[in-house]
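J.: The residues making up each chain are set out below.
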Amino acid sequence: DAGITQSPRYKITETGRQVTLMCHQTWSHSYMFWYRQDLGHGLRLIYYSAAADITDKGEVPDGYVVSRSKTENFPLTLESATRSQTSVYFCASSGVVGGYEQYFGPGTRLTVT
Amino acid sequence: KNEVEQSPQNLTAQEGEFITINCSYSVGISALHWLQQHPGGGIVSLFMLSSGKKKHGRLIATINIQEKHSSLHITASHPRDSAVYICAVSGLGSARQLTFGSGTQLTVLP
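Chains P and D, in that order, give the protein sequences. According to the working numbering, the first sequence is numbered sequentially starting from 1. According to the working numbering, the second sequence is numbered sequentially starting from 1.
Hints were generated in silico from the structure; no laboratory data involved. Just so you know, not all the hints are guaranteed correct.
As the list claims (entries may be wrong) - Partner residues aside, some chain P positions facing chain D, computed with beta carbon under 10 Å:
#1 W27
#2 G107
#3 T111
To be verified - Calculated from the model, a selection of chain P residues having no Cβ within reach of chain D, i.e. all distances over 12 Å:
#4 P8
#5 M22
#6 Q37
#7 D53
#8 G63
#9 Y64
#10 K70
#11 E72
#12 N73
#13 P75
#14 E79
#15 T82
For clarity, every value in this text was computed on a predicted model and none was experimentally measured. Note that CB positions come from ideal geometry on N, CA and C, so glycine has one too.
In isolation and in its complexed conformation, chain P is listed as follows (with noise of 0.2 Å):
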């Protein structure tokens, strides 16, 4: 599917197990961010990355780790989940083509228990 995606779209895990979320575009953008979404914060960003081998933290990455080994795809794991962290994850995209306007995936609705 042309687009933005991510995988799952829900997900309840436990404390301290580790999940990862999946991000994948088919546009070739060079740049994808990770955000976290929470009543009474708003959206965040966890981490970013400029292109393939490239990332970077922002405003909250501690519990995050993220790799991107290719373009199309940007995975954010939680190496050992804490309820702190059940939040809506959205990944986004964006690009030179476009201005760098921002496309965002649906979002993973993830809980930890």
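Position chain D against the provided structure of chain P, taking the given hints into account.
T.: Chain D alone, transformed into the frame defined by chain P:
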């Protein structure tokens, strides 16, 4: 103080009314974005602008760079416009990562 401030936080209007949502920011930006999020839904980019005014259908976005202020207007509002509208700014760095306002919950009553 947040870098991006939106007002109002909540807005209820009657169908057909003209609606304005405001956004102020305190940092240098490369662009300002207006996003829309329906309940339980994803986030859609409505506008990205760095100067002047843009129009798409019944939606109009303006920005005043000197005053660090932007407005989103909806003309002839409709219940389907009910959503959260989010203002965000792209920083001056090369990655253009977004910093978001807290959002405005708009409800348009029939």
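J.: With reference to the structure, classify each hint as holding or not holding.
T.: The hints, checked one at a time:
no., hint, verdict
1, W27, "14 Å, violated"
2, G107, "6 Å, holds"
3, T111, "15 Å, violated"
4, P8, "15 Å, holds"
5, M22, "16 Å, holds"
6, Q37, "9 Å, violated"
7, D53, "15 Å, holds"
8, G63, "19 Å, holds"
9, Y64, "15 Å, holds"
10, K70, "18 Å, holds"
11, E72, "18 Å, holds"
12, N73, "18 Å, holds"
13, P75, "18 Å, holds"
14, E79, "23 Å, holds"
15, T82, "23 Å, holds"
Violated hints for the displayed structure, listed by number in ascending order: 1, 3, 6.
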